[in-house]
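Just need the whole structure built from these sequences, with the hints factored in.
Line by line, the protein sequences give chains A and B.
Position one of the first sequence corresponds to residue 0 (numbering that gives the first Met the number 0), numbered consecutively onward.
Position one of the second sequence corresponds to residue 0 (numbering that gives the first Met the number 0), numbered consecutively onward.
Quick caveat, the hints were computed from the structure, so don't treat them as lab data.
Note that the structure is predicted; figures quoted are calculated from it, not measured.
Incorrect hints may have been included.
Identical copies go unnamed one by one, so any copy, or any two together, can satisfy a pair.
Lysine-lysine pairs mimicking BS3-like chemistry, simulated, CA-CA at most 25 Å apart [claimed, not checked]:
1) 92 - 160
2) 300 - 164
3) 164 - 297
4) 32 - 130
5) 32 - 160
Protein chains: 2
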Amino acid sequence: MQLQNDLLLRAAKGEYTERTPVWLMRQAGRILKEYRATREKAGSFIQLVTNPELAAEVTIQPVDLLCVDAAIIFSDILVIPEAMGLPYVMEEKKGPQFPNTIQSAADIDKLHIAQGEEELGYVAEALRITKRELNGRVPLIGFAGAPFTIFAYMVEGSGSKTFSKAKAMLYREPVLAHQLLQKITDSTINYLKMQITAGVDILQLFDSWAGVLSPEAYSEFSLAYISQICDAITEVPVTVFAKGAFFALPEMANLNCRTIGLDWNMSAADARKVLPNHTLQGNLDPCVLYAEPQQIVKQTKAMIDSFGIGKHIANLGHGVYPDINPDAVRIFIDTVKTYSAEKVAQSK
Amino acid sequence: MQLQNDLLLRAAKGEYTERTPVWLMRQAGRILKEYRATREKAGSFIQLVTNPELAAEVTIQPVDLLCVDAAIIFSDILVIPEAMGLPYVMEEKKGPQFPNTIQSAADIDKLHIAQGEEELGYVAEALRITKRELNGRVPLIGFAGAPFTIFAYMVEGSGSKTFSKAKAMLYREPVLAHQLLQKITDSTINYLKMQITAGVDILQLFDSWAGVLSPEAYSEFSLAYISQICDAITEVPVTVFAKGAFFALPEMANLNCRTIGLDWNMSAADARKVLPNHTLQGNLDPCVLYAEPQQIVKQTKAMIDSFGIGKHIANLGHGVYPDINPDAVRIFIDTVKTYSAEKVAQSK
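Structural data, given as structure tokens:
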């Protein structure tokens, strides 16, 4: 089906766009009271993730309510460990917790490689419903966690400021770490292929904990696996967002992906220098959305100016925080749309 | 008194050293069973901080037990808010908590500017005892939090992944934020002057939460105040360690300080390029100390190689984690000492 709004895909491919497309990480989430109502209906976070009809419903909410240029499937990066045989629970205020973690070769042996529909059919079904109900309005983004981030949760057992247990395995038992990372990577490729079959238009890899690694460790234990995934996905454009991995941007120039996401610590100008061929995504500081409207407009315009027109997908530099007012999000979105359109018009 | 080992001071001043000096952030802390015994004796963390005899005792322990090239006074950066009228408590596993936080102009008005001995005499006393008992063996490092990091705690009320409340004030009420930052800065200068009078040989500013800010926000709300402090401290060399602020290194070249600390995300080679006149401190990934001895030696040598000989103070890229084995720390320290001495000898 022909998309009515394909700005995001054209921007990802480096093609002309009449304005900069915009969406927000975590746009399908707690900032919307409509999301909170659906989640209430589902029961728990995980019940919402595993209920295709309700997952599709919250996926589409921000398209209707915020007028973003893309929908991103409502799911969680931790469905992969679960599909591999390591389930998680989501505890209020504590975030994801793994009752069992991976500590030994025997633990890794017990994990299987996720095949796709078999374990993760509920995500495929949510994608099919979403695709049907979106009816070509905007592109649908699929996603997965980058292998190192998934590894970090599976070994650490929860979020962590330092991920010192996960990192200890990298330094102490690198062979074991690589075995686990490869199993995660193979599972992730199967999962992303499943998402493509189910209809996603573009895929994003989230390396949420990239920033805990040194440049050398990141290259060996994260980028090598992201690279495998990018090479395996040829059907749709891929975006890689590695939060905190400013040091890896030069090496990312070699990735077979179309778009690189930037967090708000990173400078658009510096990233353009080392990534001349990639589209960039980002990167307003999410906390700007706590400010008064005038300040949001000012900072959003400065962000658009810093990337310039073309090869840019506007976003925050991180997921939107749950206590942000949706009206502030709308000001951000409207400013991106009108200001970038003005700039394109002026450049002609 | 003439120091018997002044390697750290010579390195900070960019002078010749026969080997690279080494110490660890948080060396006076939970890694040592002797520290845990003293803390037990004190009662609580805050009782240890405010007890000059016991604070001096744990300050000296790593000099005796780990043979580091400097002692750093055992204290906490949050003594400054307390001295300004905003007390904190330390909760097991939760870290520091502020029963009251700063939210308004009235809250800021109520704070007073710390004068030094008057509120923080217990730190001065701990420094005098330490200085006497060190008896010139190694230099004594004093420290304070950088104003933005102190601000972040005072507004947020505790540690946080995002410090979104503190950052919201920067964007929403910048005038108020600057007022609070100036009060903290004035207090910090008085506090550091008191430490100099009490005998410290060198001072370090810790900007632990630098990494939550965008480059523009960091320049306006953090670096401007660090710069005031560096300009005010002329008696002893100053080190600035801004964790996560890789983006600010070029601007730090203008700081009136001798040494810039690097975390383990930052590349020594890149830092040398933008900071040709400063001594650099750091930056082994603390998690390397979980590895086998051979791997610790290898990674430590690689770290020494990355900085080269001269204008380098070896350290971890962050405080040592409490569950690290002191024997691993000793391997790190011994490797720095012997390997850097070999390199100096070879270079002659």
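Hints, one by one, checked against the model:
no.	hint	verdict
1	92 - 160	both (15 Å within a copy, 12 Å between copies)
2	300 - 164	between (42 Å within a copy, 23 Å between copies)
3	164 - 297	between (42 Å within a copy, 20 Å between copies)
4	32 - 130	within (23 Å within a copy, 60 Å between copies)
5	32 - 160	between (30 Å within a copy, 24 Å between copies)
Every hint, counting from the list given before, is met by this structure.
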